[in-house]
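Engineer: The residues making up each chain are set out below.
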Amino acid sequence: MQDQPSAIDLIGAVSEFIRNHAMPQLKGHTAFHALVAANALDIVKRELEIGPKAGDEELSRLKSLLGKDGSLDALNRELCAKIENGDMTLDTPGLREHLWATTLTKLAIDQPKYSGYRRALEEAGAGK
Amino acid sequence: MTEASNPIAAPLEDVARRHIPGATGIDALKRLSGGASQEIWSFDAVTPSGAVPLILRRAPGGFRDAGRSGTAVPLETEARLIRLAEEVGVPVPPVRHVLTEEDGIGQGFIMDRVPGETLARKILRDEEFAGARPKLARQCGEILARLHTVEKSKLPPLRTATGRDEVEQYFTTYKQLDYPHPVFELAFRWLRDNAPQTTELTLVHGDFRNGNLMIGPDGVRAVLDWEIAHVGDPMADLSWICINPWRFGNIDMPVGGFGTREDLFAGYEAAGGGKVDPARVKFWEVLGTLKWGVMCMGMASAFLQGDRSVERATIGRRSSETEVDLMRLLAPLTGKE
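If you read the sequences in order, they're chains Y and F. Following the working numbering, the numbering of the first sequence begins with 1 at its first residue and continues without gaps. Following the working numbering, the numbering of the second sequence begins with 1 at its first residue and continues without gaps.
Quick caveat, the hints were computed from the structure, so don't treat them as lab data. Quick reminder that beta carbons are idealized off the backbone N, C-alpha and C, glycines included. Keep in mind that the hints are not guaranteed to be accurate.
[Said to hold, decoys possible] 27 Å max Cα-Cα, derived DSS-like pairs, lysine-lysine: (1) F:Lys175 x Y:Lys82; (2) Y:Lys27 x F:Lys30; (3) Y:Lys113 x F:Lys291; (4) F:Lys282 x Y:Lys113; (5) Y:Lys63 x Y:Lys53; (6) F:Lys122 x F:Lys30; (7) F:Lys275 x Y:Lys113; (8) F:Lys282 x Y:Lys82; (9) F:Lys175 x F:Lys154; (10) Y:Lys68 x F:Lys175; (11) F:Lys275 x Y:Lys63; (12) F:Lys30 x F:Lys175; (13) Y:Lys27 x F:Lys275; (14) F:Lys291 x Y:Lys82; (15) Y:Lys113 x Y:Lys53; (16) F:Lys275 x F:Lys135.
[Said to hold, decoys possible] A few chain F residues that face chain Y, going by a derived Cβ cut-off under 10 Å, partial list only: (17) Gly116; (18) Thr118; (19) Val183; (20) Leu186; (21) Phe188; (22) Arg247; (23) Phe248; (24) Asp252; (25) Asp325; (26) Leu326; (27) Met327; (28) Arg328.
From just these sequences and the hints, can you work out the full model?
Structural biologist: So, in structure tokens, the structure goes:
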């Protein structure tokens with residue numbers, strides 16, 4: 001076990017430093033890219049917070065949908081092949097729910113402010 | 001780069017003297033964009049009656065087709081299309097001169113610099129455009145109707161791409177990028193199952209959206225960036241401006257974040273654009289969304305192959321935005337689509 005502060009807290013501090021202290025001293029393109037860098041760190045922070053549990057849940061859904069064991073990468077590739085050749089469709093029990101759950105998790109990490117994500121949460125009943 | 005040391009300043013001055021009536025020189029030359037596929041320069045021709053604001057669009061470094069993607073048309077073709085569009089009443093920046101070999105600054109053309117704004121954030125939020133916003137969707141419909149009437153016999157050589165062609169083109173790119181996206185597979189499958197039998201093909205602008213429309217307080221002043229124009233399904237142009245990324249957060253204003261589909265389609269039909277086919281419009285909206293998603297994957301791939309731009313890396317993480325848009329289109333959580 002590592003000592004404190006945690007990786008999540010360290011990244012949060014660096015992101016705040018860039019946004020609140022470094023960026024105001026920068027100009028033009030460099031200021032813009034500093035903001036992009038802070039946003040990238042925020043993605044990493046959210047992935048550290050949300051990713052491990054969400055990844056486990058995605059893997060368990062994939063195993064049950066495909067009826068076999070494997071890595072996230074391998075099972076996602078297999079799911080892709082089954083959708084491509086028509087073996088699995090939105091009528092396949094569990095597929096729609098799996099794709100929605102996976103998509104909403106990706107957005108919760110990548111871009112929780114995205115308008116399409118916010119609207120989907122409302123449509124899903126304010127995020128369940 | 002300062003004007004004095006700019007190697008195109010002197011030859012461009014000669015071009016202006018020869019081809020812009022009354023020009024005695026040029027002033028205020030500056031590079032506007034560093035795009036990989038095109039250079040855009042802003043300058044004024046100095047004449048006794050005042051400055052004439054102009055734009056030079058030029059191949060990178062002046063070299064013929066250097067860095068242009070496989071779908072981009074040559075600059076001479078772009079100039080020709082702008083002139084054809086102008087003839088049928090599409091607002092465009094008038095083309096003043098197409099560069100020739102004797103001009104000595106490569107391939108490109110000079111057009112008027114139309115004043116206005118292209119940035120969606122400003123067009124959608126600034127008070128200056130408050131009066132224009134409610135009119136824009138209908139104007140876009142009217143403009144597209146005219147654009148689609150350009151006689152095919154007058155067109156320069158252009159690629160033809162039906163919906164089916166574009167689905168396969170992007171599927172190939174997606175497969176080459178080799179990263180699993182079950183939602184994209186679902187969309188490709190849906191597109192293959194729902195590809196329209198295209199009956200009519202017309203000139204299609206191909207990138208008709210916020211950013212490529214010069215807008216003033218009076219409305220749309222010019223349609224810019226004709227470099228991926230081709231012959232295709234006219235419904236493609238009506239859909240591309242409606243995909244969620246071009247709404248810039250105004251999700252309930254499907255047309256570019258400023259208007260309704262009803263206004264867009266009414267303008268299109270009233271200006272002689274023919275009947276709008278909602279099924280084909282949806283097909284193209286799904287395809288347009290998926291295209292942007294595959295482009296985001298391409299950014300991630302470029303990053304992994306050694307382009308260490310943080311901006312490119314984060315755009316790679318935006319393909320998930322298109323996945324939520326595709327899920328809302330294909331597997332809606334509510335009854336409506």
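Engineer: None of the hints should be skipped; say for each whether it holds.
Structural biologist: Going down the list of hints, with the structure as the test:
no. : hint                : result
1   : F:Lys175 x Y:Lys82  : holds (15 Å)
2   : Y:Lys27 x F:Lys30   : holds (19 Å)
3   : Y:Lys113 x F:Lys291 : holds (22 Å)
4   : F:Lys282 x Y:Lys113 : holds (25 Å)
5   : Y:Lys63 x Y:Lys53   : holds (16 Å)
6   : F:Lys122 x F:Lys30  : holds (23 Å)
7   : F:Lys275 x Y:Lys113 : violated (37 Å)
8   : F:Lys282 x Y:Lys82  : holds (24 Å)
9   : F:Lys175 x F:Lys154 : violated (37 Å)
10  : Y:Lys68 x F:Lys175  : holds (24 Å)
11  : F:Lys275 x Y:Lys63  : violated (48 Å)
12  : F:Lys30 x F:Lys175  : violated (40 Å)
13  : Y:Lys27 x F:Lys275  : violated (50 Å)
14  : F:Lys291 x Y:Lys82  : holds (21 Å)
15  : Y:Lys113 x Y:Lys53  : holds (21 Å)
16  : F:Lys275 x F:Lys135 : holds (21 Å)
17  : Gly116              : violated (23 Å)
18  : Thr118              : violated (17 Å)
19  : Val183              : holds (6 Å)
20  : Leu186              : holds (5 Å)
21  : Phe188              : holds (7 Å)
22  : Arg247              : holds (7 Å)
23  : Phe248              : holds (8 Å)
24  : Asp252              : holds (9 Å)
25  : Asp325              : holds (5 Å)
26  : Leu326              : holds (9 Å)
27  : Met327              : holds (5 Å)
28  : Arg328              : holds (6 Å)
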